[in-house]
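All chains, please: the whole structure from these sequences, using the hints.
For the protein sequence lines, the chains are W and C, in the order given.
The first sequence begins at 0 in numbering that gives the first Met the number 0 and counts up by one.
The second sequence begins at 0 in numbering that gives the first Met the number 0 and counts up by one.
Hints are computed from structural coordinates only; laboratory data are not their basis.
Keep in mind that a hint or two might mislead.
Since the list can't tell identical chains apart, any single copy or any two copies may satisfy a pair.
[As the list claims (entries may be wrong)] Straight-line distance between alpha carbons at most 25 Å, and here's what the computed SDA-like set of lysine to any residue pairs gives:
1) K81 x T209
2) K81 x Q99
3) K81 x L11
4) K81 x M240
5) K81 x A128
6) K81 x A33
7) K81 x G239
8) K81 x S92
9) K81 x P55
10) K81 x D109
11) K81 x L221
12) K81 x V150
13) K81 x V113
14) K81 x P70
15) K81 x N23
16) K81 x E96
17) K81 x E114
18) K81 x A111
19) K81 x S94
20) K81 x W208
21) K81 x T211
There are 2 protein chains.
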Amino acid sequence: MGQVGKHGSFFLDSAVERSGSVYNATVHEAWGIAGNANGGYLMAIAARAMAGVSRPHPVSLTAHFLAPGTPGPVTIRPQVIKAGHRFTTVRASLSSEERQLVELLGSFSDLADVEGPVHIDAAPPDLPAPEDCIRVVPDPSGFPPPLMSKVDMRLHPEDSVFVTGRPSGRPLYRGWFRLPGETMDPFGMLLAVDAFPPTIFNAHLPIAWTPTLELTAHVRGLSEPGWLRCRFSTRFISGGMLEEDGDIWDESGRLVAQSRQLALQPRV
Amino acid sequence: MGQVGKHGSFFLDSAVERSGSVYNATVHEAWGIAGNANGGYLMAIAARAMAGVSRPHPVSLTAHFLAPGTPGPVTIRPQVIKAGHRFTTVRASLSSEERQLVELLGSFSDLADVEGPVHIDAAPPDLPAPEDCIRVVPDPSGFPPPLMSKVDMRLHPEDSVFVTGRPSGRPLYRGWFRLPGETMDPFGMLLAVDAFPPTIFNAHLPIAWTPTLELTAHVRGLSEPGWLRCRFSTRFISGGMLEEDGDIWDESGRLVAQSRQLALQPRV
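This is the structure in structure tokens:
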């Protein structure tokens with residue numbers, strides 16, 4: 000954990016090791032929220048194994064979360080469904096010693112080959128400079144969670160209920176994100192799309208565990224070095240469920256990832 | 000095909016029949032576009048088999064499209080990953096006699112059990128009455144495709160390039176949708192999220208086959224009888240790919256489905 004040489008600790012803590020047809024990895028406690036591993040972190044671990052049998056980058060990756068992940072060893076079983084001309088479709092399971100935690104399905108390709116933008120009908124969120132945003136740091140109470148010691152997240156002051164205790168009333172989070180000392184690759188992007196607090200913490204609803212049923216991330220390009228500008232919002236809290244849509248731009252202003260997750264409304 | 004009794008022909012043409020651990024179905028030509036089966040139609044067929052081994056309704060369903068589907072027999076192999084307290088996670092393959100066409104992963108539940116709305120930060124698209132919109136009918140040229148004889152789609156006059164030949168310049172389609180003589184259930188919703196023309200037909204780009212790499216649909220509730228109000232839009236055409244986001248409301252004004260697909264930009 001203290002070992003940060005060429006790579007930082009997200010790279011090390013999400014590493015996988017091949018052993019025949021399976022991959023082994025370790026879920027590290029630091030990437031947790033209330034004792035459970037961050038879902039995007041688990042996706043990144045699984046995606047590294049899926050890339051190992053297919054192509055270098057996740058382009059579209061869907062995860063269904065079956066059980067919370069706790070620290071300890073996990074096994075990933077990737078299976079190639081089809082290797083096509085540009086994309087390889089892969090499924091995988093990620094399991095602890097006790098049970099399966101995540102089932103995944105994705106298409107992998109090489110994002111270095113993609114062409115430039117043609118039509119963009121959206122802009123990155125307008126954020127104050129990182130130093131004028133509110134840095135989220137872990138609290139001994141568990142909120143904000145230990146994960147926040149591993150990442151550098153700066154929330155828009157208007158959205159910072161997590162820190163100030165004053166919900167904005169809008170289920171929205173805007174902010175900066177980076178992995179200190181690390182390059183943000185498509186696997187880090189899988190962490191980024193699930194690292195921000197649940198948008199409904201900013202609605203006038205009880206703050207509680209908001210389990211993700213399913214998350215789909217599209218990695219649309221390779222990020223330039225530097226900060227990511229992120230925006231997560233929810234339009235529909237209904238039927239006991241809510242979607243959370245994420246858009247992530249790199250520091251050069253290019254869209255690099257989109258995400259949508261379906262989560263269960265907290266029952267408190 | 001002529002047999003429409005209690006149910007209309009979408010129900011019949013997407014029916015599956017269990018045979019041991021697999022399900023058999025027939026891809027009917029009428030639900031095609033340029034000779035290829037509509038992706039949402041294939042998802043609906045697969046979802047019926049997945050529901051057969053799990054719970055009645057798809058809540059979140061992801062499909063990766065591996066090869067175009069042509070008319071003829073198909074086999075669906077569903078596999079339960081986990082049966083939980085409220086949701087059952089299921090994967091499936093859908094294959095023709097020659098090759099696998101689709102790989103799917105979804106969570107199924109009973110949508111009749113869901114609770115009412117809490118927070119809605121969006122409105123259905125503002126549409127002229129169906130009779131004042133432009134009905135899309137098939138053309139012998141293949142565009143609009145034969146599928147349009149099976150569904151009743153009325154496009155907003157401003158978005159109707161498909162019919163008028165004048166692109167609006169905005170990658171957006173708004174319109175009404177229904178299955179004549181049939182109740183719109185969650186399986187019909189899977190058709191609805193992929194039935195509209197590609198949004199980029201309304202951008203100033205060449206009109207060509209826009210293959211879907213991946214589509215994820217969230218069915219957020221059971222629809223009231225009547226028309227669906229639909230909106231499909233694209234914000235980012237970049238790197239040779241585009242996302243298409245769909246929101247579908249029922250006639251009572253309730254959100255019933257959301258979708259996002261990642262498609263490949265036509266290369267012409």
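Consistency of the hints with the structure:
no.	hint	verdict
1	K81 x T209	between (34 Å within a copy, 20 Å between copies)
2	K81 x Q99	both (23 Å within a copy, 9 Å between copies)
3	K81 x L11	neither (29 Å within a copy, 30 Å between copies)
4	K81 x M240	between (33 Å within a copy, 20 Å between copies)
5	K81 x A128	neither (44 Å within a copy, 45 Å between copies)
6	K81 x A33	between (38 Å within a copy, 24 Å between copies)
7	K81 x G239	between (36 Å within a copy, 21 Å between copies)
8	K81 x S92	both (17 Å within a copy, 11 Å between copies)
9	K81 x P55	within (15 Å within a copy, 29 Å between copies)
10	K81 x D109	within (16 Å within a copy, 32 Å between copies)
11	K81 x L221	within (24 Å within a copy, 34 Å between copies)
12	K81 x V150	neither (35 Å within a copy, 32 Å between copies)
13	K81 x V113	within (20 Å within a copy, 36 Å between copies)
14	K81 x P70	between (32 Å within a copy, 21 Å between copies)
15	K81 x N23	both (23 Å within a copy, 22 Å between copies)
16	K81 x E96	between (29 Å within a copy, 16 Å between copies)
17	K81 x E114	within (24 Å within a copy, 39 Å between copies)
18	K81 x A111	within (21 Å within a copy, 36 Å between copies)
19	K81 x S94	both (23 Å within a copy, 12 Å between copies)
20	K81 x W208	between (37 Å within a copy, 21 Å between copies)
21	K81 x T211	between (28 Å within a copy, 15 Å between copies)
The structure fails hints 3, 5 and 12 (numbered hints given earlier, in ascending order).
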